[in-house]
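Residue 60 in the working numbering sits at position 54 of the sequence shown, with consecutive numbering throughout.
Simulated from the structure, these hints should not be mistaken for lab results.
Among the clues, some could well be false.
As the list claims (entries may be wrong) - Simulated restraints, written as ranges between beta carbons of each label pair:
1) R388 with A106: 20 to 28 Å
2) D420 with D186: 46 to 54 Å
3) E395 with A101: 46 to 54 Å
4) P69 with D186: 18 to 26 Å
5) Q222 with K378: 20 to 28 Å
6) D142 with Q222: 35 to 43 Å
7) G225 with E322: 41 to 49 Å
8) E340 with K212: 39 to 47 Å
What the hints assert, rightly or not - Derived DSBU-like pairs (lysine-lysine); straight-line CA-CA distance at most 30 Å:
9) K235 with K67
10) K67 with K243
11) K387 with K336
12) K213 with K338
Only a predicted model underlies this, so the values are computations on that prediction, with no experimental measurement involved.
Beta carbons: idealized from backbone N, C-alpha and C, even for Gly.
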Amino acid sequence: MANSFEKITLDNGLRMILSPLPAVRSVTAIVLCGAGSRYETKQTNGISHFLEHMFFKGTKKRPTASDISHALDEIGADYNAFTGKESTGYHIKCASQHLALVCDMLSDMLWNSKFDHQEIEKERGVIIEELNLYEDTPVRRVAEIYEQVLWGDQPLGWDIGGNKEVIRKVKREDFVGYIDQRYAPNNMVLSIAGNFKKGQALALAKKYFGHRQSHQVSGFAPVVETQRKPALKVIYKKTDQAHLVLGFRGLSIGHPDRYNAAVLATILGGGMSSRLFVNVREKRGLAYYVRADNESYLDTGTLVAAAGVDLRRIEEAISVVLAEFAQISKEKIEAKELNKAKEYIKGRVILSWEDSRTVAVSYGSDELLEGKVRTLDEELKRVDEVKAEDILRVAQFLFTASKLNLAVIGPFKDRTRFEKILRI
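Given only the sequences and the hints, what does the whole structure look like? Please build it.
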């Protein structure tokens with residue numbers, strides 16, 4: 007179990023988070039960078055995600071994508087990357103004895119990628135097909151539409167995958183320029199978790215990451231929120247099931263009520279005994295999936311319910327979900343339900359933290375986004391401290407008409423039918 011970590015800052019500003027897990031035989035290294043879609047402009051929307059793909063397409067030392075994949079497959083490594091709105095991460099998990107290769111590989115990809123013209127053209131097609139896939143996958147696409155409703159035409163409201171027209175125009179020099187802008191060591195975190203020797207990890211970090219020079223990195227434009235009444239967006243698409251996301255403007259990552267909001271979301275839609283699952287699916291058969299989540303960014307957030315529902319009964323489904331939001335804002339929950347939600351969160355966290363990758367990603371993300379790391383014990387303690395009166399207070403603050411938003415994908419052309427019922 008991961009309860010301890012050590013933070014070391016190299017001379018060039020790169021932050022290292024070292025998390026020993028002596029009981030495991032694996033190690034995970036992840037490099038996280040303060041890059042993502044909210045750091046882009048209209049002219050570069052999608053470059054963070056495109057660049058993430060290109061880092062796997064060949065370096066000076068490993069000229070082709072297959073050279074990279076063969077080297078990692080030869081040690082049985084599990085490797086991938088992700089792009090978000092506020093961070094991008096590259097992670098490799100392997101047997102402990104291969105940490106040196108992993109650090110070499112990550113450094114090589116980040117600093118020495120070739121960005122070969124032919125590879126760019128091939129990957130351009132891949133990404134456009136990825137965007138097409140998302141457009142044809144309503145269960146995913148509806149969440150992006152919901153964020154457009156929330157934040158509109160500002161970076162936080164843009165799709166992480168990018169704009170197809172931008173993707174079609176990106177050139178090699180755009181990648182190089184973006185790396186120069188954002189991939190500064192002082193805007194990055196190297197997080198290593200698992201079974202490793204501290205001295206070796208520090209030496210590898212200095213060797214492979216200590217040579218880059220730090221430089222000033224721009225911040226992001228704070229989100230502008232001026233909502234005064236419920237808002238919605240309906241996307242017409244011939245589907246056999248309607249997909250919806252209904253939620254409220256929420257809390258930022260560093261907000262003192264973040265754990266209260268997490269428990270609140272769990273009571274509403276975490277697991278098959280949650281209020282939404284029981285009342286929307288089990289009692290009424292309105293949906294196949296229904297869940298609630300609390301999402302936080304650096305300066306804002308949202309608490310949402312998502313569901314795939316019967317086309318003919320979508321108004322009923324929306325009304326039931328809204329009723330659950332309203333009900334939890336009216337009276338304190340009982341101790342039994344509160345404790346169940348807290349134990350659900352703690353159990354899920356404890357299970358996930360038995361994986362060195364989860365530890366590396368969690369600690370690294372904490373450091374990158376907040377400049378501080380929460381241990382597992384601290385996370386569990388903060389969940390335990392949530393009280394029924396906290397849940398009621400946060401619900402009453404969040405669940406108001408002036409914060410209410412809805413996104414729907416389905417064969418609907420009349421938005422007025424949803425406007426009539428979108429009230430709390």
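How the hints compare with the structure:
In this structure the supplied range 20 to 28 Å is violated for R388 paired with A106, their Cβ-Cβ distance being about 36 Å. For the hinted restraint 46 to 54 Å between D420 and D186, the CB-CB distance of approximately 50 Å keeps it satisfied. With their beta carbons about 49 Å apart, E395 and A101 fall inside the hinted range of 46 to 54 Å. Between P69 and D186, the C-beta spacing of about 22 Å keeps the proposed range 18 to 26 Å intact.
For Q222 and K378, the Cβ-Cβ distance of about 22 Å falls inside the hinted range of 20 to 28 Å, so the restraint holds. Taking 35 to 43 Å as the suggested C-beta distance range, the pair D142 and Q222 conforms, at roughly 41 Å. A hinted range of 41 to 49 Å holds for the C-beta pair G225 and E322, which are about 45 Å apart. Distance hint check for E340 and K212: the Cβ-Cβ separation is about 55 Å, which falls outside the suggested range of 39 to 47 Å.
Of the pairs offered as hints, the one joining K235 and K67 is violated, with about 56 Å between alpha carbons and a cut-off of 30 Å exceeded. Taking the CA atoms of K67 and K243, the gap is about 47 Å. The hint is violated against a cut of 30 Å. Proposed proximity of K387 and K336 is supported: the alpha carbons are some 27 Å apart, at most 30 Å. Taking the CA atoms of K213 and K338, the gap is near 56 Å; set against the 30 Å cutoff, the hint is violated.
When held up to the earlier numbered hints, the structure conflicts with 1, 8, 9, 10, 12 and fits the remainder.
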